[in-house]
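Number of protein chains: 2
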Amino acid sequence: MQKRATIKDIAKALDISVSTVSRGLRDHPDISKDMCQLIKDKAKELNYHPNHIAAGLRKRSSKIIALIIPEISMFFFPSVIKGVEEVARENGYQLLVLQSNDDLEHEKRNIQMCLDHSVEGILISLSNKTSNIDHLINLPASGIPVVFFDKSIENSPFDEVVIDDEDVAFQAVKNLVHEGCKNIAIILGNENLLITKRRERGARLALVNANVEATFVYAESFNKAQIALADYLSSHHPDGMFLMSDELMAAASQPLSGKDCLVVGISDGMIPEIVNFPLKYFYHSGFEIGKLAASKLVHRILMSTEGGQNTPAERIILDVKMHSLH
Amino acid sequence: MQKRATIKDIAKALDISVSTVSRGLRDHPDISKDMCQLIKDKAKELNYHPNHIAAGLRKRSSKIIALIIPEISMFFFPSVIKGVEEVARENGYQLLVLQSNDDLEHEKRNIQMCLDHSVEGILISLSNKTSNIDHLINLPASGIPVVFFDKSIENSPFDEVVIDDEDVAFQAVKNLVHEGCKNIAIILGNENLLITKRRERGARLALVNANVEATFVYAESFNKAQIALADYLSSHHPDGMFLMSDELMAAASQPLSGKDCLVVGISDGMIPEIVNFPLKYFYHSGFEIGKLAASKLVHRILMSTEGGQNTPAERIILDVKMHSLH
DNA sequence: ATCGTTTGCGCAATCGTTTGCGGTTAAAAA
DNA sequence: TTTTTAACCGCAAACGATTGCGCAAACGAT
Chain V
1 MQKRATIKDI AKALDISVST VSRGLRDHPD ISKDMCQLIK DKAKELNYHP
51 NHIAAGLRKR SSKIIALIIP EISMFFFPSV IKGVEEVARE NGYQLLVLQS
101 NDDLEHEKRN IQMCLDHSVE GILISLSNKT SNIDHLINLP ASGIPVVFFD
151 KSIENSPFDE VVIDDEDVAF QAVKNLVHEG CKNIAIILGN ENLLITKRRE
201 RGARLALVNA NVEATFVYAE SFNKAQIALA DYLSSHHPDG MFLMSDELMA
251 AASQPLSGKD CLVVGISDGM IPEIVNFPLK YFYHSGFEIG KLAASKLVHR
301 ILMSTEGGQN TPAERIILDV KMHSLH
Chain F
327 MQKRATIKDI AKALDISVST VSRGLRDHPD ISKDMCQLIK DKAKELNYHP
377 NHIAAGLRKR SSKIIALIIP EISMFFFPSV IKGVEEVARE NGYQLLVLQS
427 NDDLEHEKRN IQMCLDHSVE GILISLSNKT SNIDHLINLP ASGIPVVFFD
477 KSIENSPFDE VVIDDEDVAF QAVKNLVHEG CKNIAIILGN ENLLITKRRE
527 RGARLALVNA NVEATFVYAE SFNKAQIALA DYLSSHHPDG MFLMSDELMA
577 AASQPLSGKD CLVVGISDGM IPEIVNFPLK YFYHSGFEIG KLAASKLVHR
627 ILMSTEGGQN TPAERIILDV KMHSLH
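Those protein sequences? They're chains V and F, same order as listed.
Heads up: the first sequence at position 220 corresponds to 220 in my numbering, and the numbers run straight through without jumps.
Heads up: the second sequence at position 87 corresponds to 413 in my numbering, and the numbers run straight through without jumps.
Errors might be hidden in some of the hints.
Not everything, but these chain V residues come out facing chain F in the computed CB check (under 10 Å) [claimed, not checked]:
#1 Leu-67
#2 Lys-82
#3 Val-87
#4 Asn-91
#5 Gln-94
#6 Leu-96
In the DSSO-like style, the derived pairs of lysine-lysine whose C-alpha atoms are separated by at most 27 Å in a straight line are [stated by the list, open to error]:
#7 V:Lys-42 - V:Lys-82
#8 F:Lys-434 - V:Lys-82
#9 V:Lys-12 - V:Lys-40
#10 V:Lys-259 - F:Lys-606
#11 F:Lys-585 - V:Lys-259
#12 V:Lys-108 - F:Lys-359
#13 V:Lys-3 - F:Lys-385
#14 F:Lys-550 - V:Lys-280
#15 F:Lys-550 - V:Lys-321
#16 V:Lys-8 - F:Lys-508
#17 F:Lys-408 - V:Lys-82
#18 F:Lys-385 - F:Lys-359
#19 V:Lys-197 - V:Lys-182
#20 F:Lys-408 - V:Lys-108
#21 F:Lys-585 - V:Lys-108
#22 V:Lys-59 - F:Lys-338
#23 V:Lys-108 - F:Lys-334
#24 V:Lys-42 - F:Lys-434
#25 V:Lys-224 - F:Lys-408
Don't read these hints as lab results, they were simulated from the structure.
Yeah, the Cβ is synthetic: ideal placement off N, Cα and C, and Gly gets one too.
All chains should be modelled from the sequences, with the hints used to inform the complete structure.
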């Protein structure tokens, strides 16, 4: 594997200038069809592949987009990554994956890394510590579009790809009361998260509407949820339970085993197939969210480089349908 | 957010040359301590951050390493990514994540992408289609170290981070027969995979040693495994089962529900907490594997740039301990 | 034949850093 | 005082590609 052929090599081989080669490769109108073909043939012959680093330096771009997530767990995010990777690749982008570990400083450092590597766009699910987005707000102005997904903030100035958290939770809990549950447990994640607040709001609304009481349990991680649920279930006997995420659903699997309790959750679809109890769930597809978010980002990137209009931030709401299992 | 400060800006501000700045920033011996400090202070003041792209062009490096995996699922790989990301970041590297989708052509294209982006090293878990590694073999010669993890090949010419598949499977099945199981089911993944062959070999050895018969079931995905297991269990009543991976374990959760069957598996640790039956498992930590593999890769990168010796490929075997649950 | 356009291509600067080499100054040795 | 030798620093050429500008040949029209 000798040194990689450069644009210069093919220029030399054809005895033309590098600028002609550069233009020829991308079908610049200044270059004749014949010349273009000649160049491309020779490029193939020499097994030429453009050096994105060099091009990136000149064009201040990199063909790389970044995905920043709180933490890589087995829940939800793998699907997102998969979706993002897919559309990134289809569009010639590569994917840089960064974790914020739910820490603001970490998130800021990640943004800096993105700048250092001249990523062309950023996909981010905010850490549960970020209430203020000063570290992000100027990014679009310097040519780096940002799109939020899943974990966003109120009145996001950026595009966001989410589900209608409040409505989904509302529907879920409404479903529980319609089934006749009188003693409902609402299991929620980290309280700082907007999605938690929204889902809680939806749940409460359904409860108020039906005039039933409920117990609320908060747990911000799988382990804490496992403990909290085991504890809760040892002294309570709910006949209905709402689980706002896959992580909580997984944590409930064993504690809920053998209990006679209706369960409704929000899930990416896999955990319900593994878990220990029958349930209904609203299908919150990480894969689709990843694809939508990445598509939107790629679109923004194109817009900004093609000099298109700067359309206002868009809120993309994924439709969530109910599934039941067992 | 005005334009980012460059080395040139700080040179101008201090009225010195860019080369001095460049050297000062990295404590080159040619530059006096005082000057270095001056430069660094000004750098901080101007909020200077090096442009990796430019440096990469010059040094033909990128501070990026690639992780190529067959597919991003919720099983095993998230832990690996997490481990890799962690040590990558600690060492100033960023992580490019690529999927081969268990397709050789795809894998080749990924390698090409890596070249295009001048990644400094590649971490790869081979697709189940790659028996031949011609597309990888020349990479180290062109300065890009490669380390295999999990899915490798016989007599790997590269470093590899694995577990002792045969022994672990042997221990697992031995455990089953020691518990008195007479009717054992061995559930395995894709047959092309070396890890499958090795684990199968270990299992068979334990069976032969104990002189017990067993049924072997192969399934290469979660869904196929679910079906195969449901099917198998509808007509058979094993008293012991070996599951070679988390994916299979998860797939067994519901089919195995209520059955009285001893289970031993190999797992990253999470699925056993969710699953529907008591079991023992050998803890195959994706996180540790990711960290070890990344450390080894970073070390190789350092070696090759610092001009160190090219030590022979190493086989790093992660120690696996048994855990039991429920 | 003359002038104005295209068409097709090359020159050279540029992106931000790194680095080999050469030059200057001041301290140390003679 | 002269010479050696460090210690410091700047010049300019890379790295590989992109791109504004200029320029020659070819063409059409007058």
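Those earlier numbered hints the structure runs against, lowest number first: 3, 4, 7, 12, 16, 21
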